[in-house]
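Taking the hints into account, I'd like the entire structure generated from these sequences.
76 is the number of the first residue of the sequence shown in the working numbering; add one for each residue after it.
Hints are computed from structural coordinates only; laboratory data are not their basis.
Hints are not guaranteed to be accurate.
[Stated by the list, open to error] Okay, derived cross-link-like pairs now, PhoX-like style, lysine-lysine, Cα gap no bigger than 20 Å in a straight line:
1) K165 - K106
2) K177 - K106
3) K121 - K165
Predicted, not measured: the structure shown is a model, and the values here were computed from it.
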Amino acid sequence: SFSTFAQEGRIVRETIDALSLRENLFADTSKRQITVYLPPSYDAEKNRTYPVVYLLHGYTGNNNLWTGGGYIAGNIQNSMASWVESEKLKEIILVMPNSHNKLNGSWYSNSSATGRWGDYISKDVVNYVDSNYRTLLQPQSRGVIGHSMGVMAV
Numbered sequence: 076s077f078s079t080f081a082q083e084g085r086i087v088r089e090t091i092d093a094l095s096l097r098e099n100l101f102a103d104t105s106k107r108q109i110t111v112y113l114p115p116s117y118d119a120e121k122n123r124t125y126p127v128v129y130l131l132h133g134y135t136g137n138n139n140l141w142t143g144g145g146y147i148a149g150n151i152q153n154s155m156a157s158w159v160e161s162e163k164l165k166e167i168i169l170v171m172p173n174s175h176n177k178l179n180g181s182w183y184s185n186s187s188a189t190g191r192w193g194d195y196i197s198k199d200v201v202n203y204v205d206s207n208y209r210t211l212l213q214p215q216s217r218g219v220i221g222h223s224m225g226v227m228a229v
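Written as structure tokens, this is what we have:
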């Protein structure tokens, strides 16, 4: 039903072309998928802006593990619904970039060999999200958290 859908928020998958990852020596594509969780009120409250949290996956993983039960959170959409409903968390936009590469993980570091993965997150992904979603633009309205390799980047 629509009300259940609205309470859960929704997941959007997009592909962005990351300038920071072009011309890496491993020939990894610069076209990277991101998964975006939009909170329950996003579609109804057209003038509202939201803080953003960037959720970084671990080594050997990718962005889809957050939505398919691969991590401790199980399914992030269900977890977010529970946390918002119980008021453990306010409504936010959650962004899960794919940082898997031919070495099974980027470590979110800039490298002349593998690409500028730190810049990919801090510039390419942030700029894309701020340009395409209703975000609070101040740096203090952004957060970053992660699992395994993703924690190392934080």
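Against the structure, the hints:
1. K165 - K106: Violated, because 31 Å separates the two Cα atoms, which is more than 20 Å.
2. K177 - K106: Roughly 14 Å separates the two Cα atoms, so the pair holds.
3. K121 - K165: holds (17 Å)
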